[in-house]
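Peer 1: What follows is each chain in one-letter form.
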Amino acid sequence: MAKTTKVLVTMPSELLERIDRETASLGQTRSEFFQEAVRRRLGWPDPLAIDAALLRGRAALSEVGAFESADLIRAEREERDARDQRR
Amino acid sequence: MPAINVVSDANVVLKWFHAENEEDVDAARALLEAHKERKIALSVLDLTVYEVGNALMRGRADASAEQAATVVEALAEICAAIRPSPEEMREASQLAEHHDLTLYDAAYAAVAQSRSAALATLDRALLDAKLGRRPSELVTAIAAAAKG
Chain A
1 MAKTTKVLVT MPSELLERID RETASLGQTR SEFFQEAVRR RLGWPDPLAI
51 DAALLRGRAA LSEVGAFESA DLIRAEREER DARDQRR
Chain B
88 MPAINVVSDA NVVLKWFHAE NEEDVDAARA LLEAHKERKI ALSVLDLTVY
138 EVGNALMRGR ADASAEQAAT VVEALAEICA AIRPSPEEMR EASQLAEHHD
188 LTLYDAAYAA VAQSRSAALA TLDRALLDAK LGRRPSELVT AIAAAAKG
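These protein sequences, in sequence, are chains A and B. Here the working numbering is used: position 48 in the first sequence is 48, and no number is missing along the way. Here the working numbering is used: position 38 in the second sequence is 125, and no number is missing along the way.
By construction, these hints were calculated from the structure, which means they are not laboratory data. Hints are not guaranteed to be accurate.
To be verified - A few chain A residues that don't get close to chain B, going by computed Cβ distances all over 10 Å:
| id | residue |
| --- | --- |
| 1 | Leu15 |
| 2 | Arg30 |
| 3 | Glu32 |
| 4 | Ala49 |
| 5 | Gly65 |
| 6 | Ser69 |
| 7 | Arg86 |
Stated by the list, open to error - Dumping the calculated EDC-like pairs for lysine to aspartate or glutamate here, alpha-carbon to alpha-carbon at most 16 Å:
| id | chain 1 | residue 1 | chain 2 | residue 2 |
| --- | --- | --- | --- | --- |
| 8 | B | Lys217 | B | Glu174 |
| 9 | B | Lys123 | A | Asp20 |
| 10 | B | Lys126 | A | Asp46 |
| 11 | B | Lys234 | B | Glu124 |
| 12 | B | Lys123 | A | Asp46 |
Said to hold, decoys possible - Pair by pair, the computed Cβ-Cβ distance ranges are:
| id | chain 1 | residue 1 | chain 2 | residue 2 | range |
| --- | --- | --- | --- | --- | --- |
| 13 | B | Ala163 | A | Arg80 | 17 to 23 Å |
| 14 | B | Ala231 | A | Val7 | 37 to 43 Å |
| 15 | A | Ala37 | B | Asn92 | 26 to 32 Å |
| 16 | B | Glu184 | A | Ser25 | 40 to 46 Å |
| 17 | A | Pro12 | B | Gly235 | 24 to 30 Å |
| 18 | B | Asp215 | A | Ser25 | 44 to 50 Å |
| 19 | B | Asp113 | A | Glu17 | 42 to 48 Å |
| 20 | A | Gly27 | B | Glu184 | 32 to 38 Å |
| 21 | A | Ser62 | B | Asn92 | 18 to 24 Å |
| 22 | B | Asp113 | A | Ser62 | 34 to 40 Å |
No experiment lies behind these values; they were computed from the predicted model shown. Glycine included, C-beta positions come from ideal geometry on N, C-alpha and C.
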């Protein structure tokens, strides 16, 4: 197991209350929550979690048929932009 | 730490999950591999989640709510979603005006610029404005950087 170090962090009480509600709902400790948040902020991926997520996402779209994503997103942006201009 | 930061456009993100009739799938997925190997740090915008979900459900894909939700949840596992700062949105407005882009397009470019990141995109407008690069170009650049 990697060497660990205790740190003292200062934050607003209401933020800590929100974190505690979130960790309770996730069944995590505060330490686990902070480590995950910091890894994400630093852009450090978990390769196994990525592979599992890709499998789930690809399985979900396995039967949606053919399309080109660049066209799909372009059409969606233009439609939204046109809607915004009409407002 | 990864040497190269890459912001991914929604049109590249979708190719991580969908391949039928798609161009540049291999390059889009090679970016993911580089992210897994920590050669690059991939991120998306908070906007990307809505774009991907909306394009799947309301576009030609005609995906169900469950299918779209699964992809959006999977995306959250893969990389961080950046919420643009007010300064980045100001820059996005200027880029949109200067290059005649939608604010949605320009937000990606502004965030990439302000965070010294490359923007991976297959959007013609962003590529023509030289605000983003094709995934295949980035894959080549990443390989060259790895060789030193």
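Peer 1: Quick check: which numbered hints come out false for this structure?
Peer 2: Numbers 4, 5, 6, 8, 9, 15, 17, 20, 21, 22 - these are the hints that the structure violates, sorted from lowest upward.
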